[in-house]
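Trainee: One-letter residues, chain by chain:
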Amino acid sequence: MLTDYNDLKTIANRIRKDIITATHAAGSGHPGGSLSAVEILTVLYFYKMKVDPNNPKDPDRDIFVLSKGHASPVLYSTLAEKGYFEKSLLPTFRKIGSILQGHPDKKKVPGVEMSTGSLGQGFSTCIGMALASKLDKKKNRIYALLGDGEIQEGIVWEAAMSASHYKLDNLTAIMDHNGLQIDGANEEVMNVNPVKEKWESFGWHVIEIDGHDFGQIISALDAAETVKGKPTIIIAKTIKGKGVSFMEGVADWHGKAPNNEQMEAAISELGGDADVR
Amino acid sequence: MSDKIATRQAYGEALVSLGEKNPDIVVLDADLSKSTMTASFAKKFSDRFFNMGIAEQNLFGTAAGLAAAGKTVFASTFAMFAAGRAFEIIRNAICYPVLNVKVCATHAGITVGEDGGSHQAIEDIALMRAIPNMIVLNPSDAVSAKKAVYAAAEYKGPVYVRLGRVAVPVIYEDDSLNYEIGKGICIKEGSDVTIIATGVMVHEALTAAKTLEETGINARVIDMHTIKPIDEDIIIKAASETGAIVTAEEHNIIGGLGSAVAEVLAKNYPAKMKMVGILDTFGESGKPDELMKKYLITAEEIVKAVNEIIK
Chain A
17 MLTDYNDLKT IANRIRKDII TATHAAGSGH PGGSLSAVEI LTVLYFYKMK VDPNNPKDPD
77 RDIFVLSKGH ASPVLYSTLA EKGYFEKSLL PTFRKIGSIL QGHPDKKKVP GVEMSTGSLG
137 QGFSTCIGMA LASKLDKKKN RIYALLGDGE IQEGIVWEAA MSASHYKLDN LTAIMDHNGL
197 QIDGANEEVM NVNPVKEKWE SFGWHVIEID GHDFGQIISA LDAAETVKGK PTIIIAKTIK
257 GKGVSFMEGV ADWHGKAPNN EQMEAAISEL GGDADVR
Chain B
6 MSDKIATRQA YGEALVSLGE KNPDIVVLDA DLSKSTMTAS FAKKFSDRFF NMGIAEQNLF
66 GTAAGLAAAG KTVFASTFAM FAAGRAFEII RNAICYPVLN VKVCATHAGI TVGEDGGSHQ
126 AIEDIALMRA IPNMIVLNPS DAVSAKKAVY AAAEYKGPVY VRLGRVAVPV IYEDDSLNYE
186 IGKGICIKEG SDVTIIATGV MVHEALTAAK TLEETGINAR VIDMHTIKPI DEDIIIKAAS
246 ETGAIVTAEE HNIIGGLGSA VAEVLAKNYP AKMKMVGILD TFGESGKPDE LMKKYLITAE
306 EIVKAVNEII K
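Read top to bottom, the protein sequences are chains A and B. Note that this note's numbering has the first sequence beginning at 17, numbered continuously upward. Note that this note's numbering has the second sequence beginning at 6, numbered continuously upward.
Please note: incorrect hints may appear among the correct ones.
To be verified - Now the in silico label distances, taken between C-beta atoms and shown as ranges:
#1 A:199 - B:138: 32 to 40 Å
#2 A:113 - B:273: 31 to 39 Å
#3 A:75 - B:246: 35 to 43 Å
#4 B:162 - A:73: 17 to 25 Å
#5 A:75 - B:299: 20 to 28 Å
#6 B:161 - A:207: 41 to 49 Å
#7 B:161 - A:280: 42 to 50 Å
#8 A:69 - B:138: 21 to 29 Å
#9 B:284 - A:102: 15 to 23 Å
#10 B:181 - A:243: 54 to 62 Å
Said to hold, decoys possible - Keeping only pairs whose Cα atoms sit at most 25 Å apart, straight-line, the calculated DSS-like set for lysine-lysine is:
#11 A:25 - A:154
#12 B:233 - A:153
#13 B:215 - B:233
#14 A:153 - B:48
#15 B:26 - A:154
#16 A:150 - B:26
#17 A:122 - B:161
#18 B:49 - A:183
#19 B:233 - A:73
#20 B:309 - B:279
#21 A:123 - B:26
#22 A:183 - B:48
#23 A:150 - B:161
#24 A:73 - A:123
#25 B:215 - A:150
#26 B:9 - A:150
#27 B:161 - A:154
#28 B:26 - A:153
#29 A:73 - A:155
#30 A:123 - B:233
Rather than coming from a laboratory, the hints here were simulated on the basis of the structure. We treat Cβ as the ideally placed atom computed from N, Cα and C, and that holds for glycine.
This is chain A alone, in the form it adopts within the complex (with noise of 0.2 Å):
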């Protein structure tokens, strides 16, 4: 288990420019939601979860499941960078016979726990794998990662009573807030604030922290360990398309993959030539 962040920020630059050549060889997809989500991923994958990229199906492994489907060039890359399968395929992303799908599908990638992609259901998913591991004793942690803008669908709320209701303190919520979705702001879509008063009137235990700040994710997730008799929720304040600065903060880059040019100004800022591959 790695303790040193710079082990964590090398890596999270290679997810980085994974999710920049991937999208870019795609010529669609999610940058902007996969950037801001990079270091969450990180740390799970490389310092908190108990998985074997070897023993996928592991029955005691911990479960991280991307609700915010469609930011699936971070949880490619992650799984690729810790080795459920060959990097080589990333370019392969959103092609015909791939496995890697516009959207997570749990059937064709080793490491994907569950098929997500419409907002809100892989959250509720995970309610019933954290009510599984209960009524089986196990010990392992399920993790969910969610959007901001995803918390508008109805069946977020339903799941979050549920887990209170159930006290599923081995269930570990993440809000990837970057404050953007499709349309725009958050607060001008559809305002979703205050978020912290609103999962804790759902009876979740809160945290804040910077999202792009390891020893701050860290310790929320490993106090989130500690919470006893209900869930909790990590409110993670992001920038959408952290790391490359023309993409950083600008609501167009939700869904949008860049061209030849953009994609070489991305990588050159992040410190690298592009993996030709």
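Since chain A is already given, all that's left is putting chain B on it; use the hints.
Mentor: Below, chain B alone, put in the same frame as chain A:
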């Protein structure tokens, strides 16, 4: 055919029996356990029963998660709120990843009765059979309902079981019924016409066949308890041997059993056909038998259709 038992009653009993045998069976409900009859399971196996409240989307999402963790999940609510309200969750969270969830929907069809049109699911078969990987079962009586539930538990993957509110005549004797998913049952042999019925309409079909016999028409009656995968062989055989088919269902005439049978015939053995079903209209409050009359799904309507088709 003296007793009358609701198929949901049979479901509740079958669940308890399954719970005793299989510790991996879990049951979910949406504040309707006394109506869907999951309450007996809840009482006996309280640790494996989860009331999800009046929140059907999350009910089916949670069911998917439990199944992904290895459980055999029975998830129940009224057909309107399962196939209707939670359609997309059933499609994307259960059928797309092929998870082992049994959607056991009660209070289907117009025989819901007094609750009225808002609660009478007459589109559920069409919706559920259009989803890849979904099996669709519609038992006709308490005996076949129990067997359907046991068969669903054995099958690994998503199954929709359509169950009714009202008590219906018992058609089968327990020991003699050989129930298999995807295999229609020929209840009565006949050579002049075939009535293919499903759910509560199977009993109506048998009544119709008796009436027809009095006028010298010998009708074959098939209980098509599995709408998907539909038994193509039994349909083609019936068409070739009897020449004409009448379907009967407690469902909209669009997209249900009649459509499924027509698809088989059109592709394999074009034959004369008539459909008895609800004529693309919403129901209303009333007693189940009054509604069946008003919405033209009775033995009399089947007789009429047979007489028209073999004229």
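Trainee: Are any of the numbered hints broken by this structure? If so, which, sorted upward?
Mentor: 3, 5, 9, 11, 12, 13, 19, 21, 25, 26
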